[in-house]
Amino acid sequence: MSTNVAQFQEAAARVTADTRQRQFIRTALGNYEIARDKRKAAFQSWESARQAAALTKWEAVNHLDTHLEELVAKLEARGTKVHWASNGTQAREIILGIVAAKQAKSIIKSKAMTSEEIHLNEALEKAGFEVVESDLGEFIVQLRGEAPYHIVFPSMHLTRGQIRELFARELGSTSSDSPEELTMVARRVMRHKYITADIGFTGGNFAIAETGMISITENEGNARLTAALPKTMVTLIGIEKVLPKLADLALFLPMLATAGAGQPLTCYNTMYGGPRQPGEADGPEEWHVVLLDNLRTELLADAEQRDALHCIRCGACLNVCPIFRNVGGHTYGTTYSGPVGSVITPHLRGLQDWKHLSNASSLCGACTEACPVKIDLHHHLLHNRRNAATEKPAFLERMGYKIFGIIANDPLFWSLAKKFGWLTQPLQKLVMGTALDPARAWTKTRDLPPLARQSFKDWWKHRP
Amino acid sequence: MNEREKILTRIREALKVPAPSPGTHAPASHLPVPGVPGLPSLRVPAPTTAAPVEARRWLPKVGPGFPEQLALFAQNAADLKATFQIFANWTELNAALVQLRDAENWQRVASHQSELSSQACAALQRPVCWTDKGYDVLALESCDVGVTECDALIAQTGSVLVTSRSAGGRALSVLPPHHVVIARREQLVADLPAAFALLQQKYAPEFPSMMGFITGPSRTGDIERILVLGAHGPKKLTIFCV
Chain A
1 MSTNVAQFQE
11 AAARVTADTR
21 QRQFIRTALG
31 NYEIARDKRK
41 AAFQSWESAR
51 QAAALTKWEA
61 VNHLDTHLEE
71 LVAKLEARGT
81 KVHWASNGTQ
91 AREIILGIVA
101 AKQAKSIIKS
111 KAMTSEEIHL
121 NEALEKAGFE
131 VVESDLGEFI
141 VQLRGEAPYH
151 IVFPSMHLTR
161 GQIRELFARE
171 LGSTSSDSPE
181 ELTMVARRVM
191 RHKYITADIG
201 FTGGNFAIAE
211 TGMISITENE
221 GNARLTAALP
231 KTMVTLIGIE
241 KVLPKLADLA
251 LFLPMLATAG
261 AGQPLTCYNT
271 MYGGPRQPGE
281 ADGPEEWHVV
291 LLDNLRTELL
301 ADAEQRDALH
311 CIRCGACLNV
321 CPIFRNVGGH
331 TYGTTYSGPV
341 GSVITPHLRG
351 LQDWKHLSNA
361 SSLCGACTEA
371 CPVKIDLHHH
381 LLHNRRNAAT
391 EKPAFLERMG
401 YKIFGIIAND
411 PLFWSLAKKF
421 GWLTQPLQKL
431 VMGTALDPAR
441 AWTKTRDLPP
451 LARQSFKDWW
461 KHRP
Chain B
1 MNEREKILTR
11 IREALKVPAP
21 SPGTHAPASH
31 LPVPGVPGLP
41 SLRVPAPTTA
51 APVEARRWLP
61 KVGPGFPEQL
71 ALFAQNAADL
81 KATFQIFANW
91 TELNAALVQL
101 RDAENWQRVA
111 SHQSELSSQA
121 CAALQRPVCW
131 TDKGYDVLAL
141 ESCDVGVTEC
151 DALIAQTGSV
161 LVTSRSAGGR
171 ALSVLPPHHV
181 VIARREQLVA
191 DLPAAFALLQ
201 QKYAPEFPSM
211 MGFITGPSRT
221 GDIERILVLG
231 AHGPKKLTIF
241 CV
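Read top to bottom, the protein sequences are chains A and B.
Position one of the first sequence corresponds to residue 1 (the working numbering), numbered consecutively onward.
Position one of the second sequence corresponds to residue 1 (the working numbering), numbered consecutively onward.
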């Protein structure tokens with residue numbers, strides 16, 4: 001068994017046994033659902049909006065090369081420096097190069113899942129730079145030395161008491177555990193960081209080809225400040241984030257807010273088209289945009305699952321997923337968790353090592369229904385299972401089914417098998433749950449009902 | 001071949017196989033493994049080209065007349081915990097500003113030089129940190145309020161549309177703890193598509209380097225999903241319209 005599977009099973013068993021934690025997550029996501037449904041109902045037609053968004057993303061992803069070229073030409077025309085990175089190593093080298101050239105000491109970051117994906121913080125810290133996450137949730141998990149629990153709500157697994165203790169230990173704060181006071185502690189720490197940081201680092205939610213802009217969605221204002229005060233700004237964005245037209249945002253901004261957080265629009269939705277332009281009051285002197293491939297082109301090459309690149313990282317599929325709700329975000333051991341993470345991680349990190357995520361699914365389809373851009377998520381989980389089995393068939397499983405096929409196809413074998421079952425089932429009861437139990441994988445957490453004394457076929461034959 | 005060419009080549013190579021239309025499953029011809037039966041198709045009629053985004057038909061509804069739109073904006077602003085007031089004339093607006101100044105004890109004001117904002121600053125009679133030609137960040141940070149103009153107010157969402165050109169740069173509308181927007185009633189637009197049309201019409205192709213929607217005061221829910229205002233940006237957003 002691979003270590004990833006063992007890690008997943010161990011963590012899943014631990015978290016599902018923690019009923020307090022599960023209750024906590026369920027309450028938070030239940031409140032999210034109420035807010036989201038209210039916002040969805042405000043749309044004249046949420047379903048038509050989903051279809052339009054899916055079509056727009058389809059157009060963008062299926063003509064990715066032309067849209068990217070337009071985006072880059074427009075960005076460069078306004079003085080932005082564009083870099084291309086085929087993988088995480090290249091992206092880290094590019095960013096480290098910029099930071100070193102600027103002789104920077106400290107870097108302020110606004111939330112970016114791409115930076116988690118390429119483990120940027122570790123690389124920067126190893127090279128001796130101070131990195132501060134400015135998004136409150138990211139700041140909290142950074143202080144704990146943890147990965148984000150959820151792609152939109154990084155610290156949703158922590159109680160206010162845990163955060164108070166963390167702030168007291170790491171920041172020497174004497175705040176009570178009121179969320180208001182705790183937020184103000186972070187605000188005060190961060191104010192100083194914004195003013196002294198040499199580099200502002202951001203991710204991006206959408207890249208607009210038509211006008212050469214990066215659009216950033218947030219609630220706190222941390223990305224606004226990150227893009228305003230430091231002299232150099234660096235943005236890392238996946239190549240799949242392109243949208244053809246500026247006006248496409250009129251649909252995507254409210255849909256992202258509705259699906260992601262149950263808001264009509266998040267507090268700040270900002271489009272950046274360049275560094276400080278002549279005549280403007282402020283803004284960075286230099287803006288570097290790093291376009292990241294990191295195996296996205298591999299996913300693009302799988303036409304069947306190409307729509308997974310439509311993902312706008314709203315987290316809606318995580319929020320409704322019965323698996324995510326019960327095993328939690330850290331159990332996945334991936335940058336992108338939940339259904340979309342289970343779909344794309346095998347493409348980004350290897351199918352055989354991560355196929356277990358596609359098996360850990362009830363295939364209920366709640367994710368597909370929740371997705372604002374209509375990614376066929378639960379079918380892609382099936383596609384991953386099929387691809388994994390085709391690529392590397394499991395010998396014992398195949399033999400098992402072959403033997404079952406032979407038995408089930410032959411009335412004589414079938415009736416013998418039934419008799420064998422009646423004879424051996426009482427013996428199985430004696431060892432139930434112990435290491436000797438051949439059905440242990442099943443009986444550990446489930447009942448094994450007794451075989452009926454009379455089969456339907458027998459009853460039919462001797463029916464009154 | 002540089003990385004740009006390598007990535008573009010990989011993309012073009014990948015796109016040689018067409019993708020199924022959104023909302024449908026892949027037909028068998030798209031299966032990566034020949035000979036393996038495919039999943040049943042949903043048989044949803046496939047759109048041939050991407051439809052243009054006609055967002056207005058699907059987004060939350062906005063009434064056609066000014067009074068309805070104004071009422072909608074006021075309702076949205078209230079839901080977002082922003083303060084919105086409309087005044088009959090400048091005298092009333094200035095009086096409300098002075099009242100707010102005294103209530104919150106503003107000592108220093110930050111603003112940019114433009115018709116409405118300069119006028120408001122004159123009424124406030126406090127030292128002003130002007131951002132137009134560059135400014136000292138610490139001085140701006142120590143201001144009690146940032147007074148800006150905007151490009152539009154959006155009825156549909158209760159948002160304020162600002163740009164680095166219309167609102168005194170990037171930081172003025174987010175660094176001080178209170179953001180006051182001075183707007184004209186003609187600046188009210190119905191919805192997001194109208195706001196984007198306005199940006200295109202007003203600025204294309206030389207767009208300001210920052211254009212953004214501000215929808216209520218800065219907020220976070222990162223601690224137990226409980227709403228807290230003023231996470232990093234302003235704790236208060238006041239929109240005065242004349």
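Rather than coming from a laboratory, the hints here were simulated on the basis of the structure.
A virtual CB, placed ideally from N, CA and C, is assigned to each residue, including glycine.
Among the hints, erroneous ones may be present.
Stated by the list, open to error - What follows is a set of in silico ranges between Cβ atoms, one per label pair, in the way DEER data are often shown:
1. A/A101 with B/F66: 26 to 32 Å
2. B/E13 with A/E47: 30 to 36 Å
3. A/E47 with B/T83: 34 to 40 Å
4. B/D132 with A/R191: 19 to 25 Å
5. A/E122 with B/T9: 50 to 56 Å
6. A/G433 with B/P18: 51 to 57 Å
Unchecked claim - Pairs of lysine-lysine residues, derived as DSSO-like cross-links and limited to a Cα-Cα distance of at most 30 Å, are as follows:
7. A/K105 with A/K231
8. B/K61 with A/K392
9. B/K6 with A/K40
10. B/K81 with A/K38
11. B/K235 with A/K40
12. B/K16 with A/K74
13. A/K81 with B/K202
14. A/K231 with B/K61
15. B/K6 with A/K74
16. A/K231 with B/K133
17. A/K102 with B/K81
18. A/K81 with B/K133
Going down the list of hints, with the structure as the test:
no.	hint	verdict
1	A/A101 with B/F66: 26 to 32 Å	violated (53 Å)
2	B/E13 with A/E47: 30 to 36 Å	holds (35 Å)
3	A/E47 with B/T83: 34 to 40 Å	holds (36 Å)
4	B/D132 with A/R191: 19 to 25 Å	holds (23 Å)
5	A/E122 with B/T9: 50 to 56 Å	violated (31 Å)
6	A/G433 with B/P18: 51 to 57 Å	holds (53 Å)
7	A/K105 with A/K231	holds (12 Å)
8	B/K61 with A/K392	violated (53 Å)
9	B/K6 with A/K40	violated (41 Å)
10	B/K81 with A/K38	holds (18 Å)
11	B/K235 with A/K40	holds (27 Å)
12	B/K16 with A/K74	holds (26 Å)
13	A/K81 with B/K202	holds (26 Å)
14	A/K231 with B/K61	violated (42 Å)
15	B/K6 with A/K74	holds (20 Å)
16	A/K231 with B/K133	holds (16 Å)
17	A/K102 with B/K81	violated (41 Å)
18	A/K81 with B/K133	holds (25 Å)
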